[in-house]
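Given the sequences, and given the hints that come with them, work out the whole structure.
Residue numbers (our numbering), protein chains in the order written: chain A, 437 to 522; chain B, 437 to 522; chain C, 4 to 750; chain D, -11 to 221.
One thing to keep in mind: the hints can contain errors.
Mimicking DSBU-like on lysine-lysine, the simulated pairs with C-alpha atoms at most 30 Å apart in a straight line are [claimed, not checked]:
no. : chain 1 : residue 1 : chain 2 : residue 2
1   : A       : 462       : D       : 23
2   : A       : 491       : B       : 504
3   : D       : 125       : B       : 504
4   : A       : 504       : A       : 489
5   : C       : 338       : C       : 328
6   : C       : 743       : D       : 94
7   : A       : 439       : A       : 491
8   : B       : 444       : A       : 451
9   : C       : 563       : C       : 391
10  : B       : 504       : A       : 450
If you want the ones that stay clear, here's a sample from chain D, every Cβ over 12 Å from chain C, calculated [said to hold, decoys possible]:
no. : residue
11  : -11
12  : -2
13  : 116
14  : 120
15  : 146
16  : 151
17  : 154
18  : 219
These are computed hints drawn from the structure, not numbers from a lab. A quick note: this is a predicted structure, and the numbers were derived from the prediction, not measured. Here a beta-carbon is modelled for each residue, glycine too, at the ideal position from N, C-alpha and C.
Listed here are the chains, written in short residue letters.
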Amino acid sequence: MQKLFQAKVYVSLKKGLADPQGSTIKEALESLGYRNLSEVRFGKYIEVKLRAKTKKGAEQKLKEMCGKLLVNPIIEEYSYHIEEEG
Amino acid sequence: MQKLFQAKVYVSLKKGLADPQGSTIKEALESLGYRNLSEVRFGKYIEVKLRAKTKKGAEQKLKEMCGKLLVNPIIEEYSYHIEEEG
Amino acid sequence: MKEPERITLDLVRAHGLTEEEYKKIKDMLGRDPNFTELGIFSVMWSEHCSYKSSKPLLRMFPTSGENILIKAGEENAGVVDIGEGLAVVMKMESHNHPSAVEPFQGAATGVGGIIRDIFTMGARPIALLDSLRFGHLGNGHNRYLFSGVVGGIAAYGNCMGIPTVGGEVYFDETYEGNPLVNVMCVGVARRDNLVKARAGGLGNPVLYVGADTGRDGLGGASFASRELTEESDKDRPAVQIGDPFKEKLLLEACLELLNTGVVVGMQDMGAAGLTSSTSETASRGNSGMRIDLSLVPRREEGMIPYELMLSESQERMLVIIKRGKERETRRVFDKWDLHAVPIGEVTDDGYLTVLDKDRRVAEIPVKFLTEDAPVYMREEREPEYLGKIKDVSISTIPEPQDYDDVLKILLASPTISSKRWVYEQYDYMIRTDTVLRPGGDAAVIRIKGTEKAIALTCDGNGRYCFLDPYEGGKIAVAEAARNVVCVGAKPLAITNCLNFGNPTKPYVFWQFRRCVEGIADACGILETPVSGGNVSFYNENPKGAIDPTPVVGMLGLIEKMDFLCTPWFKKEGDLIILLGECREEIGGSEYLQLIHGLKAGQIPRLDLERERAVQNTCLEVIRAHLVSSAHDCSEGGLAVTLAECCISNSGKERGAIIELEAFPEILSIRMDALLFGETQSRILISCHPRNFLQIQRVARRNKVPCARLGVVTGDRLTIRRIKKRVLDLSLKELGEKWRKGLSHGDD
Amino acid sequence: MRFGVVVFPGSNCDYDCYYVVRDLLGEEVDFIWHKERRVEGFDCLILPGGFSYGDYLRTGAIARFSPIMRAVSGFAARGGLVIGICNGFQILLESNLLPGAMMKNKNLRFICRFVNIRVENNLTSFTNLCQIGQVLKVPIAHIDGSYYADHEIIGTLKENNQIIFRYCNEEGGLAQESNPNGSKDFIAGISNRQGNVLGLMPHPERASESILGSEDGRLIFESVVRAVKGRVK
Ligand SMILES: Nc1ncnc2c1ncn2[C@@H]1O[C@H](COP(=O)(O)OP(=O)(O)O)[C@@H](O)[C@H]1O
Ligand SMILES: [Mg+2]
Chain A
437 MQKLFQAKVY VSLKKGLADP QGSTIKEALE SLGYRNLSEV RFGKYIEVKL
487 RAKTKKGAEQ KLKEMCGKLL VNPIIEEYSY HIEEEG
Chain B
437 MQKLFQAKVY VSLKKGLADP QGSTIKEALE SLGYRNLSEV RFGKYIEVKL
487 RAKTKKGAEQ KLKEMCGKLL VNPIIEEYSY HIEEEG
Chain C
4 MKEPERITLD LVRAHGLTEE EYKKIKDMLG RDPNFTELGI FSVMWSEHCS
54 YKSSKPLLRM FPTSGENILI KAGEENAGVV DIGEGLAVVM KMESHNHPSA
104 VEPFQGAATG VGGIIRDIFT MGARPIALLD SLRFGHLGNG HNRYLFSGVV
154 GGIAAYGNCM GIPTVGGEVY FDETYEGNPL VNVMCVGVAR RDNLVKARAG
204 GLGNPVLYVG ADTGRDGLGG ASFASRELTE ESDKDRPAVQ IGDPFKEKLL
254 LEACLELLNT GVVVGMQDMG AAGLTSSTSE TASRGNSGMR IDLSLVPRRE
304 EGMIPYELML SESQERMLVI IKRGKERETR RVFDKWDLHA VPIGEVTDDG
354 YLTVLDKDRR VAEIPVKFLT EDAPVYMREE REPEYLGKIK DVSISTIPEP
404 QDYDDVLKIL LASPTISSKR WVYEQYDYMI RTDTVLRPGG DAAVIRIKGT
454 EKAIALTCDG NGRYCFLDPY EGGKIAVAEA ARNVVCVGAK PLAITNCLNF
504 GNPTKPYVFW QFRRCVEGIA DACGILETPV SGGNVSFYNE NPKGAIDPTP
554 VVGMLGLIEK MDFLCTPWFK KEGDLIILLG ECREEIGGSE YLQLIHGLKA
604 GQIPRLDLER ERAVQNTCLE VIRAHLVSSA HDCSEGGLAV TLAECCISNS
654 GKERGAIIEL EAFPEILSIR MDALLFGETQ SRILISCHPR NFLQIQRVAR
704 RNKVPCARLG VVTGDRLTIR RIKKRVLDLS LKELGEKWRK GLSHGDD
Chain D
-11 MRFGVVVFPG SNCDYDCYYV VRDLLGEEVD FIWHKERRVE GFDCLILPGG
39 FSYGDYLRTG AIARFSPIMR AVSGFAARGG LVIGICNGFQ ILLESNLLPG
89 AMMKNKNLRF ICRFVNIRVE NNLTSFTNLC QIGQVLKVPI AHIDGSYYAD
139 HEIIGTLKEN NQIIFRYCNE EGGLAQESNP NGSKDFIAGI SNRQGNVLGL
189 MPHPERASES ILGSEDGRLI FESVVRAVKG RVK
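Encoded structure:
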């Protein structure tokens, strides 16, 4: 029996790379009066609902998808969170 | 004394709105052989490091920033996670 | 990163320097270089910056002419006079390797780099063109590269507000794993507003403007050094993230600053960043420069001098201003929310002196880095493959049964089909000067405030150059010139980007030499000097070097707007005329490749005198307002050219009937060669019947064959031979094939 | 009369608008830097196209906080004429001077091409020289141009005749193929309730000379001139 899993993938630019979007947003926030920011980074948020027999299996597939399509390891890194849909 | 907080904001299109980027990614994943997907949604992931006296204070500010700039409530919704930087 | 204790030979090699080169450095300095200095030498002596393998051959290019204001090599880009006090600055550059690993950002930052090269000289960028090569689209990875590259060019160019008005795209397996992404930028300046990339005036301040420095593409110009980077590999990606918004601010601020008259010299920090911009401006100005790295704005902590000097972070400029003008300068950059940080000053001792606060971290005579860099004559040998593939006997190739099918297949092939899917992602109309939009033979950009316009195109055919690099080089120039002539412009000058394999392979270097000779000869006879260019070596995939692919960017001038001509048929009843002749030449053709799977044969031979005569004829009849349309015959031959004339004006398609007996050659040439052969020096024009005699007269005076092929009529393209149909297709069918070649109907 | 063209960091159709007003219409026009706080002396403000702040977060999201926008809002509240073209439209949406939001084009790509738009309301200061149902040929150039508003807003837009332009085919018909970006209800341009603020995705300044393929866009600028000069008289 397959179960439904809800995965959330957070993709951001590798540390060390320029993040023009993040810095532009930071400056905009600062000019709005938020002066206490030490960093803003901008990335992608991808929700994937997938079916698999086990959580392990789902996780495995998710990682594959990240490696193949969702993330370009040359410039991006990612983390994820996965759980069974209740 | 101010403490440093790490906030993560997840912005996605409101449920019910068509998400062409999500569907395109879903199709691309399917054509790579991942057939067990029930949905893919695409959004933004914003990391904000900010200083505040208390977690409450940080949270408050973060919500303001989302309301003013980071999120457009006509088409987007968001959730967040915030914790003190260790 | 940490500085290594000692400079070992391994470290030298890891920097892409040979043992002899290292010895030369030691001899020049009279001592051992330190680590920072080693880094500086390695990037300045890299192929990319020093042109050490190509320099001797590039000297063959004709670089002067009555319209050349600044010659190639003297500055960041050559400058061409277009009259009325105006000058055009143009240059093309490759970003092949970054695009192979991160197509979107790789292509985007390529656009950013070439734009900086243009406004560095005080010119406002007014157009971009892109010349692209990929492996076949059947492969998913190639589709990813293709759409990523186009998306990246669009993202950067559109955000900058510079129209991308032309380009080309080819698909061939030779580019599998090594796509080519060449971008050309064209700018216009008032002649007296041009800025030089020179540092002069003892004590003049040197400013750093733009983005902060990070560890981006460290030493990208020189080496991919495993040994050095093992553990820091993670935080040292070879691809940068483009910031077109910052560049737009830089562009506007720099041009505004130029108008204040405080600028002495300016240079973008491209490859080899701070190193090349400081040493090159000092070298050109016969001066020296002293900078203090502790003043350089940085994005990351703990960066050592070596890293700061070699970083290739994007969107940065080096500006040398007149002493005492700091306040004016700051006002302009403040307005645009940019920091302009004084990091040093011009000296007169001929040295590049790099300090880190009080510590002297490098001290090198600038000429050692520039003029005295090594130059090599590489070994060369004619490749063996040529013997095998050149002689393909046409008689062994079966003639197709159905020419309708062949034409449809050709039109639908991605290389020939409509490129709308590509150029509609580019803002080609911004600045409201694009008078002839993508889809014609060349783009035409008017110059507001004058009667004039310029025509721009780029061309190059790797398959031709693989089969015959000399003729292929010639053809690249000739076709580009012909394209410009077809829109009514006089060819003025070229820029180029030479994409080749590893130059230390003798056969690659032979290909390089022959291409350069071909380009040089064609430029000489067609009187289009080379105003600048770029060389990209080491384009290889596991199967070996890519096909030699020189890309020529051509600038033409339309003196009066009403000379403008377009390629498509316009009026029912107009006559269709071919300038030039058809020969039995199918070697190297798209037809041979696509229908028969053959990449072989003798490519069309180009007679430069004939080419010139055809172009002169075409220009003369256009300027005398005798023709309704003109389109050059290129890939796919006569049949494809005819089809394009019929269908390329979307919504206003026109049919044609062609009678083949009109060709004097008809008896001696095979039908497939006649229809699909790619004989050079041919232009298809259409005209009102009353103008035919006059056109013939002009052609005869120029000794150019001029045959009447048929007439513009109806809604089909019909080709007949002695009343018998050879080919007959509705415009609808032709249009559908041609339009869907790239887009597959997704819109 | 006097036009003002607001220049945001990253505006790049500013000069194109300026050129149309000064060189083609022969009217007075000035650039207004986004850090300015006053807009006195202008009869019509144009927020031009481009990529303000790179559009790095959302189109128009950051520009809306530019100092000048407060003045623009005041100007609009007093009945001044404001046109937002492309990025300018997006800025007006983000500032809530017009209702709704922009989403990515349905094909997810940037689209630059001539399209046809139909005039839905010619009783505005921006369209008084047009006929109802008139088809204008004007180019678009955007990647975030799919107009979205919920049912209710669309309802009020319709009720108050605030839909000014719709994408259509050459004959003026509303067919899905002629909706280039997937906009709700084919919406290409809307006004505020009072009718003095117009936002549109197509670029009329690029279609104001026959040499560029169409002069239809000029009708919009000329309508403004007529409205303003008529008012003065
Ligand atoms: N990558 C591209 N970017 C922009 N325009 C392009 C691109 N590729 C092709 N085009 C345009 O499409 C038209 C046809 O290109 P092409 O088939 O190469 O023409 P030709 O064979 O006459 O050189 C030209 O106007 C060209 O500028
Ligand atoms: Mg071509």
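Each hint tested on the structure:
1. With a C-alpha separation of about 19 Å, the suggested pair residue 462 of chain A and residue 23 of chain D falls inside the 30 Å cut-off, and the hint holds.
2. The hinted pair formed by residue 491 of chain A and residue 504 of chain B fails the criterion: a straight-line CA distance of about 38 Å is larger than 30 Å.
3. Distance check on the hinted pair: residue 125 of chain D and residue 504 of chain B sit about 37 Å apart at the alpha-carbon level, beyond 30 Å; violated.
4. Of the supplied pair hints, the one linking residue 504 of chain A and residue 489 of chain A holds, its CA atoms being roughly 22 Å apart against a limit of 30 Å.
5. Only pairs whose Cα atoms come within 30 Å are accepted, and residue 338 of chain C paired with residue 328 of chain C is accepted, the gap being roughly 16 Å.
6. The hinted pair formed by residue 743 of chain C and residue 94 of chain D meets the criterion: a straight-line CA distance of about 19 Å does not exceed 30 Å.
7. For a cut-off of 30 Å, the pair hint linking residue 439 of chain A to residue 491 of chain A stands: about 9 Å separates their Cα positions.
8. Proximity of residue 444 of chain B to residue 451 of chain A is assessed by CA-CA distance (about 16 Å); at most 30 Å being required, the pair is judged to hold.
9. Of the supplied pair hints, the one linking residue 563 of chain C and residue 391 of chain C is violated, its CA atoms being roughly 50 Å apart against a limit of 30 Å.
10. For the suggested pair residue 504 of chain B and residue 450 of chain A, the alpha carbons sit about 28 Å apart, so the restraint of at most 30 Å is met.
11. Its beta-carbon lying about 22 Å from the closest one in chain C, residue -11 of chain D satisfies the requirement of being farther than 12 Å from that chain.
12. The Cβ of residue -2 of chain D does not lie farther than 12 Å from every Cβ of chain C; its closest approach is about 5 Å, which violates its non-interface assignment.
13. No beta-carbon of chain C comes within 12 Å of the beta-carbon of residue 116 of chain D; the shortest separation is about 24 Å.
14. Every Cβ of chain C is farther than 12 Å from the Cβ of residue 120 of chain D; the closest lies at roughly 25 Å, confirming the non-interface assignment.
15. Separation of residue 146 of chain D from chain C is adequate, the least Cβ-Cβ distance of about 28 Å exceeding the 12 Å criterion.
16. Look at residue 151 of chain D: its CB is around 24 Å from the nearest CB on chain C, clear of 12 Å, so calling it non-interface holds up.
17. Residue-level check passed: residue 154 of chain D sits 19 Å from the nearest beta carbon of chain C, beyond 12 Å.
18. For residue 219 of chain D, the requirement that its beta carbon stay farther than 12 Å from each beta carbon of chain C is met, with the minimum near 29 Å.
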